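Number of protein chains: 4
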Amino acid sequence: MKHFPAPDPHYADRVRESFSRQLVMEFLGASMTEVSPGRCEIRLPYKPELSQQHGYFHGGVIGTIGDSAGGYAAYTLMSADAGVLTVEYKMNLLAPGDGELLIARGQVLKAGRTLMVSRADVGVVKDGRETLCATLLQTLITMKGKPEVQG
Amino acid sequence: MKHFPAPDPHYADRVRESFSRQLVMEFLGASMTEVSPGRCEIRLPYKPELSQQHGYFHGGVIGTIGDSAGGYAAYTLMSADAGVLTVEYKMNLLAPGDGELLIARGQVLKAGRTLMVSRADVGVVKDGRETLCATLLQTLITMKGKPEVQG
Amino acid sequence: MKHFPAPDPHYADRVRESFSRQLVMEFLGASMTEVSPGRCEIRLPYKPELSQQHGYFHGGVIGTIGDSAGGYAAYTLMSADAGVLTVEYKMNLLAPGDGELLIARGQVLKAGRTLMVSRADVGVVKDGRETLCATLLQTLITMKGKPEVQG
Amino acid sequence: MKHFPAPDPHYADRVRESFSRQLVMEFLGASMTEVSPGRCEIRLPYKPELSQQHGYFHGGVIGTIGDSAGGYAAYTLMSADAGVLTVEYKMNLLAPGDGELLIARGQVLKAGRTLMVSRADVGVVKDGRETLCATLLQTLITMKGKPEVQG
Chain A
1 MKHFPAPDPH
11 YADRVRESFS
21 RQLVMEFLGA
31 SMTEVSPGRC
41 EIRLPYKPEL
51 SQQHGYFHGG
61 VIGTIGDSAG
71 GYAAYTLMSA
81 DAGVLTVEYK
91 MNLLAPGDGE
101 LLIARGQVLK
111 AGRTLMVSRA
121 DVGVVKDGRE
131 TLCATLLQTL
141 ITMKGKPEVQ
151 G
Chain B
1 MKHFPAPDPH
11 YADRVRESFS
21 RQLVMEFLGA
31 SMTEVSPGRC
41 EIRLPYKPEL
51 SQQHGYFHGG
61 VIGTIGDSAG
71 GYAAYTLMSA
81 DAGVLTVEYK
91 MNLLAPGDGE
101 LLIARGQVLK
111 AGRTLMVSRA
121 DVGVVKDGRE
131 TLCATLLQTL
141 ITMKGKPEVQ
151 G
Chain C
1 MKHFPAPDPH
11 YADRVRESFS
21 RQLVMEFLGA
31 SMTEVSPGRC
41 EIRLPYKPEL
51 SQQHGYFHGG
61 VIGTIGDSAG
71 GYAAYTLMSA
81 DAGVLTVEYK
91 MNLLAPGDGE
101 LLIARGQVLK
111 AGRTLMVSRA
121 DVGVVKDGRE
131 TLCATLLQTL
141 ITMKGKPEVQ
151 G
Chain D
1 MKHFPAPDPH
11 YADRVRESFS
21 RQLVMEFLGA
31 SMTEVSPGRC
41 EIRLPYKPEL
51 SQQHGYFHGG
61 VIGTIGDSAG
71 GYAAYTLMSA
81 DAGVLTVEYK
91 MNLLAPGDGE
101 LLIARGQVLK
111 AGRTLMVSRA
121 DVGVVKDGRE
131 TLCATLLQTL
141 ITMKGKPEVQ
151 G
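These protein sequence lines are chains A, B, C and D, in that order. Letter 45 of the first sequence, counting from 1, is numbered 45 in the working numbering, and no numbers are missing. Letter 55 of the second sequence, counting from 1, is numbered 55 in the working numbering, and no numbers are missing. Letter 55 of the third sequence, counting from 1, is numbered 55 in the working numbering, and no numbers are missing. Letter 127 of the fourth sequence, counting from 1, is numbered 127 in the working numbering, and no numbers are missing.
Calculated from the structure, these hints are not laboratory results. One or more hints might be untrue.
Identical chains share a label here; the pair holds if one copy fits it or two copies do between them.
[Claimed, not checked] SDA-like, lysine to any residue: derived pairs with alpha carbons at most 25 Å apart:
#1 Lys126 <-> Arg21
#2 Lys146 <-> Pro45
#3 Lys144 <-> Leu101
#4 Lys2 <-> Lys110
Since the model is a prediction, treat every value here as computed from it, not as a measurement.
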């Protein structure tokens with residue numbers, strides 16, 4: 001896997017601050033558990049309010065944390081004065097979201113000046129055993145001069 | 001737009017019953033506002049808990065109701081003894097989810113025996129004016145002999 | 001369907017000139033049959049050299065003309081000094097490419113300053129009857145100051 | 001990366017035979033250079049007839065061999081009496097297809113009874129150095145009882 005340098009030494013603080021302002025993450029119950037240049041991990045414990053008709057994690061919820069994990073992986077590589085927006089993503093659901101915890105791991109595949117491409121794999125943990133339940137392929141855009149945190 | 005016949009005369013009840021068991025829909029605050037053969041509409045009023053870092057609807061939330069609208073559009077065309085699962089979807093975000101209401105409209109493009117393909121357009125309403133904010137292209141699979149409601 | 005103004009009055013010449021430099025189009029046998037602001041149509045007659053293992057049009061060939069139709073639809077809306085590149089596309093194959101002619105119709109869904117989003121539908125004509133065989137959803141980027149034709 | 005068993009011991013012959021009947025591959029100049037359970041590699045040397053407007057490999061051509069590499073990776077895992085069809089794919093173009101050779105490597109991510117999901121990475125080799133120029137995420141369907149080669 002390719003390694004990327006982070007141009008902003010304070011990338012981790014910047015990413016965690018932006019994440020904390022995504023109120024939907026707290027509402028769902030998600031937390032950012034790891035962040036490094038070009039990578040980001042988000043975890044989400046199960047609760048019945050996140051379920052689809054069979055009681056499993058809803059695909060849209062899986063997509064939501066996958067989108068955020070891939071987007072923040074890209075955001076680690078942006079400069080301090082930039083914001084990040086998702087352009088599009090595609091997600092394949094590979095197994096039912098049947099378990100007590102989701103782990104979404106985003107990683108940057110391509111870091112361009114304007115566009116970045118990330119992959120995010122989402123695993124579901126059941127009885128301590130993790131199964132890959134979804135994979136996302138995603139395009140992000142750097143919003144130059146539009147920092148996400150205004151002082 | 002193509003019109004499809006619904007093989008199950010009770011399709012609307014079946015769809016609404018399945019929707020009511022997607023607990024995440026109630027948690028988000030979404031309701032199913034229309035259902036007809038090959039079509040489904042879902043609405044979701046804004047609340048801060050659904051927002052990303054700029055205060056708009058989070059892309060993952062937009063994807064969640066788009067996925068459900070497209071999936072239930074497909075489910076209207078399935079037989080009474082079948083269940084529906086999302087195989088994959090791709091979503092392009094076309095405008096910020098800035099407004100007081102999301103409206104997701106799913107419609108079936110292709111109704112095969114095993115697979116269905118749906119499109120879902122999601123509009124955001126601000127001050128009474130609707131803007132297209134996302135479009136999804138989605139593949140669904142018919143789970144034969146696995147009805148979603150067990151009596 | 002939304003209508004878009006073309007900022008460059010000579011858009012049609014510019015698009016046709018760029019198309020004529022895509023040597024793969026001549027190699028496949030494709031021709032651009034219509035171009036208007038935000039729209040483009042490309043046709044491709046069948047020949048055995050374009051087939052997959054069952055003798056139908058290969059999915060990749062369907063994707064190739066769909067990609068070009070959507071990309072040139074976007075290019076009609078760009079300024080005279082810009083070039084166009086495909087960022088990504090997703091294609092669903094809806095029916096076998098079984099017939100004597102493919103018709104790809106691209107149209108712009110969103111025309112942003114940097115990014116555009118197009119849809120392209122590809123029909124296959126057999127015995128004079130057209131069937132929708134694929135649909136693409138595509139993201140394009142405007143390359144400012146990089147005109148495709150240098151004088 | 002996950003390893004999958006091939007249920008048909010003659011999978012390699014079956015895959016190569018099907019590939020040889022994709023006439024478009026010979027027309028483009030592509031050859032299948034590796035095949036193992038859940039994996040397939042296809043190579044395509046440059047010729048001007050494969051180019052887009054800047055003289056690079058056309059994105060649709062990149063997609064065509066990526067689609068075939070991912071599809072045949074899936075086909076290695078199918079039973080002897082089955083055929084394979086692409087349901088859909090999404091491709092991100094990561095770098096211009098600027099070079100003398102394309103190498104598409106497909107691998108299966110999920111092997112279900114009816115559906116399979118593959119990833120295909122496409123590299124472009126220039127002056128002996130390979131750059132990742134595209135990645136595909138793809139859904140395939142097993143056509144049971146429809147073998148591709150009839151004796």
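Hint by hint, here is what the structure shows:
Proximity of Lys126 to Arg21 under the C-alpha cut-off of 25 Å is restricted to the inter-copy arrangement: shortest distance 22 Å between copies versus 30 Å within a copy. Taking the closest pair of Cα atoms, Lys146 and Pro45 never come within 25 Å of each other, the shortest separation being 32 Å inside a single copy and 27 Å across copies. In this assembly of identical chains, the alpha carbons of Lys144 and Leu101 never lie at most 25 Å apart, being 35 Å within a copy and 29 Å across copies at closest. Both within a single protomer and between protomers do Lys2 and Lys110 lie at most 25 Å apart by alpha-carbon distance, with minima of 9 Å and 24 Å respectively.
Against the hints set out earlier in the document, violations occur for numbers 2 and 3.
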